[in-house]
Amino acid sequence: MEADNNSAERTFYLRRPLPRSLYIHLPFCIRRCPYCDFFSTVGQENFFPQYQKALLSEVRLVGCEVDFLRGRDPEYNGVETVYFGGGTPSLWSSEHIEQLLESIGTFVGIADGCEITLEANPSSLSFRHLSDLRAAGINRLSIGVQATDDNLLRKIGRLHNRAEAEAALKGAEKAGFANIGIDLMIGLPAQTIADIKSSLAWLREYPIQHVSAYSLIIEPDTPFADLYSPGGSLYRELPDPEDERKQWYTLREGLKAFGFEHYEISNFACPGYRSRHNSAYWSGDMYWGLGAGAHSYYRSRNDICPQRRANLNDLSAYAERVERADQISAMGELTEVMDAADIEKEFFLLGLRILDGVDLRNFTERFGHEVPASIRLILEKLVGIQLLIEESSVYRLSLKGEDYGNRVFSEFI
Amino acid sequence: MQDKSINKKQSSTDAADADRLALIRNFSIIAHIDHGKSTLADRIIEHTGAITKREMQAQILDSMDLERERGITIKATAVRMNYRAKDGRVYTFNLIDTPGHVDFNYEVSRSLAACDGAVLVVDAAQGIEAQTLANVYLALEADLEILPVINKIDLPAAQPDVVAKEIEDVIGLDASDVPLISARNDINIVEVLEQIVTKLPPPVGNTTGRLRALIFDSQYDTYRGVIVHVRLRDGVLKLGDEILLMHSGETYTVSELGYFTPGALLPAEELRAGDVGYVVAAIKDVRDVEIGDTLTTAEDPATEPLPGYRPVQQMVFCGLYPSDNADYIELRDSLEKLQLNDAALSFEPENSAALGFGFRCGFLGLLHYEIVIERLEREFDLTLVATAPSVVYRVTGTDGNVIMVDNPTNLPPPTLIQYMEEPIVRANVMTPREFTGNVMELCQSRRGTYINMDYIDANRVNMHYEMPLNEIISDFFDTLKSRTRGYASLDYEFLRYERADLVKLDILLNGEIVDALSFIVHRDKAYQRGRRIAEKLKDVIPRQMFEIPIQASIGGKVIARETVRAFRKDVLAKCYGGDITRKKKLLEKQREGKRRMRQVGSVELPADAFMSVLRLDE
Numbered sequence: 001m002e003a004d005n006n007s008a009e010r011t012f013y014l015r016r017p018l019p020r021s022l023y024i025h026l027p028f029c030i031r032r033c034p035y036c037d038f039f040s041t042v043g044q045e046n047f048f049p050q051y052q053k054a055l056l057s058e059v060r061l062v063g064c065e066v067d068f069l070r071g072r073d074p075e076y077n078g079v080e081t082v083y084f085g086g087g088t089p090s091l092w093s094s095e096h097i098e099q100l101l102e103s104i105g106t107f108v109g110i111a112d113g114c115e116i117t118l119e120a121n122p123s124s125l126s127f128r129h130l131s132d133l134r135a136a137g138i139n140r141l142s143i144g145v146q147a148t149d150d151n152l153l154r155k156i157g158r159l160h161n162r163a164e165a166e167a168a169l170k171g172a173e174k175a176g177f178a179n180i181g182i183d184l185m186i187g188l189p190a191q192t193i194a195d196i197k198s199s200l201a202w203l204r205e206y207p208i209q210h211v212s213a214y215s216l217i218i219e220p221d222t223p224f225a226d227l228y229s230p231g232g233s234l235y236r237e238l239p240d241p242e243d244e245r246k247q248w249y250t251l252r253e254g255l256k257a258f259g260f261e262h263y264e265i266s267n268f269a270c271p272g273y274r275s276r277h278n279s280a281y282w283s284g285d286m287y288w289g290l291g292a293g294a295h296s297y298y299r300s301r302n303d304i305c306p307q308r309r310a311n312l313n314d315l316s317a318y319a320e321r322v323e324r325a326d327q328i329s330a331m332g333e334l335t336e337v338m339d340a341a342d343i344e345k346e347f348f349l350l351g352l353r354i355l356d357g358v359d360l361r362n363f364t365e366r367f368g369h370e371v372p373a374s375i376r377l378i379l380e381k382l383v384g385i386q387l388l389i390e391e392s393s394v395y396r397l398s399l400k401g402e403d404y405g406n407r408v409f410s411e412f413i
Numbered sequence: 001m002q003d004k005s006i007n008k009k010q011s012s013t014d015a016a017d018a019d020r021l022a023l024i025r026n027f028s029i030i031a032h033i034d035h036g037k038s039t040l041a042d043r044i045i046e047h048t049g050a051i052t053k054r055e056m057q058a059q060i061l062d063s064m065d066l067e068r069e070r071g072i073t074i075k076a077t078a079v080r081m082n083y084r085a086k087d088g089r090v091y092t093f094n095l096i097d098t099p100g101h102v103d104f105n106y107e108v109s110r111s112l113a114a115c116d117g118a119v120l121v122v123d124a125a126q127g128i129e130a131q132t133l134a135n136v137y138l139a140l141e142a143d144l145e146i147l148p149v150i151n152k153i154d155l156p157a158a159q160p161d162v163v164a165k166e167i168e169d170v171i172g173l174d175a176s177d178v179p180l181i182s183a184r185n186d187i188n189i190v191e192v193l194e195q196i197v198t199k200l201p202p203p204v205g206n207t208t209g210r211l212r213a214l215i216f217d218s219q220y221d222t223y224r225g226v227i228v229h230v231r232l233r234d235g236v237l238k239l240g241d242e243i244l245l246m247h248s249g250e251t252y253t254v255s256e257l258g259y260f261t262p263g264a265l266l267p268a269e270e271l272r273a274g275d276v277g278y279v280v281a282a283i284k285d286v287r288d289v290e291i292g293d294t295l296t297t298a299e300d301p302a303t304e305p306l307p308g309y310r311p312v313q314q315m316v317f318c319g320l321y322p323s324d325n326a327d328y329i330e331l332r333d334s335l336e337k338l339q340l341n342d343a344a345l346s347f348e349p350e351n352s353a354a355l356g357f358g359f360r361c362g363f364l365g366l367l368h369y370e371i372v373i374e375r376l377e378r379e380f381d382l383t384l385v386a387t388a389p390s391v392v393y394r395v396t397g398t399d400g401n402v403i404m405v406d407n408p409t410n411l412p413p414p415t416l417i418q419y420m421e422e423p424i425v426r427a428n429v430m431t432p433r434e435f436t437g438n439v440m441e442l443c444q445s446r447r448g449t450y451i452n453m454d455y456i457d458a459n460r461v462n463m464h465y466e467m468p469l470n471e472i473i474s475d476f477f478d479t480l481k482s483r484t485r486g487y488a489s490l491d492y493e494f495l496r497y498e499r500a501d502l503v504k505l506d507i508l509l510n511g512e513i514v515d516a517l518s519f520i521v522h523r524d525k526a527y528q529r530g531r532r533i534a535e536k537l538k539d540v541i542p543r544q545m546f547e548i549p550i551q552a553s554i555g556g557k558v559i560a561r562e563t564v565r566a567f568r569k570d571v572l573a574k575c576y577g578g579d580i581t582r583k584k585k586l587l588e589k590q591r592e593g594k595r596r597m598r599q600v601g602s603v604e605l606p607a608d609a610f611m612s613v614l615r616l617d618e
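Quick note, the sequences are listed as chains A and B, same order.
Numbering-wise (the numbering used here), the first sequence opens with residue 1 and increments by one.
Numbering-wise (the numbering used here), the second sequence opens with residue 1 and increments by one.
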């Protein structure tokens, strides 16, 4: 019993019970992108004030939980990353953003040097808006460029064109943003290697410190699912898997050649510009998630272990829930029930996405005991089939492992 | 002098016994699947008050979940009831349930042999079907009086007159006062009970003779051991008697005997000729008690056993492997548990290069095979890989030695085989007339030999074929159903072994023979089957990290070739937004799929790859 307690006391979530990251979901768009399956709404502008109010209430609920636990977390100085995701958070007024940040600062705390990111669509980023956002406290932008060819952008139903993306990037730099990331997509209908090469050449010309690059995935129940599933009318336009991989290798090698570090399966950053917020997810750290449909991972006063929860993904239902909730854990529904062993496995499932790999010494530091034999066996097996590389106490994905990551991750389910 | 007094005593007993016997009716209900056998049994039990309505769980006799779901009886059961008839006398009914499928023909015949009469249920809408006839023939063979009833008369499509005429024309039974009933809605059940009394004969029993009891079923009970179900033909069986099983030659001491009531056993002091009841005698294994064996007293045994005994004969074999090798012990324990109540199931350890450790299992037929696999997966929560079922081939070697081969892997090389023989069955297909062309085409394509065809009525025919059993176990029934829009019914029985030009077809993945995918096929069909299987495997084998050649070969000669291309990636890009649970669920789904895969050499094979050699859409 004694030993167990000691071991438990050594786990990270008891030593530092408070999350250091906070996510706010702003599920509003001018128009849905036809491939997107994130929770978002269209034409709900009238709901903005009510939603803002609900978010402010939810910040207070987080604040109560923070106050409840603060005494057990002497190092706590407020959250270290804040992320406004969506939806299209750039639709939110800078006044609203400022009000939210103020409230977070008051009730939850914002640590010095906090990374505060806002996801943005190039078409809703006037210079004026950018300056106001910067002034409101946003210090990192993640801009949904996706592609640099206007035909491609139209094909995937984006509202912006290349010129608007260029204007947004220049405007952002002028407005004082020094940490700008963009999203790029590959495997788009009729996309070619030449497109990828021209995007690479293009992005050198702009102040970009971070690139999230990912394949188009045809998600069920999206407009694209009908068109681009096998048998769909446009299915043949999708590059075949071989070409899609070639596009990926072209993009990856191009970015590396420009000095970007490929630091996570689908993320690249100039040295010092990794996304700290997303890194928290991959490291198995805890985070608050506010807003309709937002996901969170924290240990409430009633939990033994940290748990994953999701807020209701319906605007009115969410707002109603906030009004009635007496503590933050009454907001979200558990999406799964995790025990200590699940958390340990997740450490690898998520951690191996980071290409630096997982250092077993970090595991011990985090959980207060050695890596269990069962996990070691899995790691060795994956090294055996050349999906992982082992270097002293660090296990990381091989180049082959990057292509077959699911084979690796699913071992830790 | 002494003899005389005994005789005198016995004759008075005989008189009392005749009265006793006159009040007993031992009968079965026979029917085609879904014609309402179990429902009628339920109503009879209800009406005799053997069980109250509230205790009544629908279909008492079919107590296994699977039986209820499939609407078929796998294990026979017996129930004893009392019925006060309109003549004012109280009759004892022993209702002996019979398994309802062609695979269990022998078991059916033994259950029927324990009866004196049978109630024949015919669906008022569907009329006589293949199994109706097959069961009628079995009942006639057992010399049973048959009482027809027409069920489901309240269905809109019911045609009781047409069906009554069918019963007269096809079976030759008098259907002038056939009870028109609805078992489901409890219509006219009393009429059935009355006719059981008036039309079915009482047992003929000879209490004075040496004991002869027919064993028609057995079941395993954790506390009592094997409970033997018997019908006494001659003599009296008493508690404490030393008994002998005439075919097995084993002796036991009776520790308990009695009668069946629904849901319980009712102990008694003795069982007498004509009675149906149970015997407990510290028997540990159901396989020690063979269905059809004769039970007699060890001290003064009968000279002749009752006729009709046949040892259990498995006709279909397959390899069963745990999907996860770690479950081997669990699979063995589960098979053992199943076998406690299913003496017809056989299994022995088998080792496959592709599938690891598993069991070669023998079944009475294809349905038995499917039922066992389903029960293992459902009741014992096992995930299994089953190889394609095989029949038993008789192989004569060049040295003149004959071996029986139930596993293609054990087939000697062609150079050592003089000739091979395969089991031929007589198959009866009953179908609406419009489909005769389709059925003929199908049977011919399955190497069937047409024998003849009877007209049941203006619309339906009964077609008789002789056909290799190995054609029937490879998806014949499903194909038959689809070619007759579900109308045809099938039954078959073993006829003989016959020489055939058979070859072993091997499947190679990545250049290696996958032993569990090999099967034996007629030479004329080998090319076509080989090609189809290669194509099918190409569809069911998921793309892997490398290219996989698929080949079908006979004796080293490749006859078909396909390739599964490598997939290029398997990775969830974009993992943010914090919804880790969803990513995990996707991975979990993928992993679940992978868990059902078997590692064969370097290739991962989904479990259904092994079934795909069986199920080929034609």
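Hints listed in this document are in silico derivations from the structure and should not be mistaken for laboratory results.
We treat Cβ as the ideally placed atom computed from N, Cα and C, and that holds for glycine.
Check the hints yourself; a few may be wrong.
[Stated by the list, open to error] Partial selection, computed: residues in chain A whose CB lies under 8 Å from chain B:
no.	residue
1	P239
2	F258
3	H295
4	R308
5	A373
[What the hints assert, rightly or not] Chain A residues, not near chain B, derived (Cβ > 12 Å throughout):
no.	residue
6	F39
7	D73
8	I110
9	A111
10	R245
11	T250
12	S266
13	Y281
14	L349
15	H369
16	Q386
17	R396
[Claimed, not checked] When the alpha-carbon atoms are kept at most 30 Å apart in a straight line, the in silico DSBU-like pairs for lysine-lysine are as follows:
no.	chain 1	residue 1	chain 2	residue 2
18	B	K585	A	K345
19	B	K481	A	K345
20	B	K569	B	K589
21	B	K569	A	K345
22	B	K538	B	K481
23	B	K569	B	K585
Outcome of the hint check:
1. P239: Where the cut-off is 8 Å and the nearest Cβ of chain B is about 11 Å from P239 (chain A), the hint is violated.
2. F258: With a closest approach of 20 Å, the F258 (chain A) hint is violated.
3. H295: 4 Å, holds
4. R308: Cβ of R308 (chain A) sits 5 Å from chain B, so the hint holds.
5. A373: At 16 Å from the nearest chain B Cβ, A373 (chain A) fails the 8 Å test, so the hint is violated.
6. F39: 9 Å, violated
7. D73: D73 (chain A) is indeed farther than 12 Å from all Cβ atoms of chain B, at 21 Å.
8. I110: Given a closest Cβ separation of 19 Å, the condition holds.
9. A111: 19 Å, holds
10. R245: For R245 (chain A), whose nearest Cβ neighbour in chain B is about 4 Å away, the distance does not exceed 12 Å, so it is violated.
11. T250: At about 14 Å from chain B, T250 (chain A) clears the 12 Å cut-off, so the statement holds.
12. S266: 4 Å, violated
13. Y281: Since the minimum Cβ distance to chain B is about 6 Å, Y281 (chain A) lies within 12 Å and the statement is violated.
14. L349: Per Cβ check, L349 (chain A) is inside 12 Å of chain B; nearest 7 Å; violated.
15. H369: For H369 (chain A), whose nearest Cβ neighbour in chain B is about 23 Å away, the distance exceeds 12 Å, so it holds.
16. Q386: The claim is violated: Q386 (chain A) sits with its nearest Cβ about 10 Å from chain B, within 12 Å.
17. R396: At roughly 15 Å from the nearest Cβ of chain B, R396 (chain A) sits farther out than 12 Å, so the non-interface label holds.
18. B:K585 - A:K345: 14 Å, holds
19. B:K481 - A:K345: 49 Å, violated
20. B:K569 - B:K589: 17 Å, holds
21. B:K569 - A:K345: The hint holds at about 23 Å.
22. B:K538 - B:K481: The given pair, whose Cα atoms are some 27 Å apart, holds under the 30 Å limit.
23. B:K569 - B:K585: 19 Å, holds
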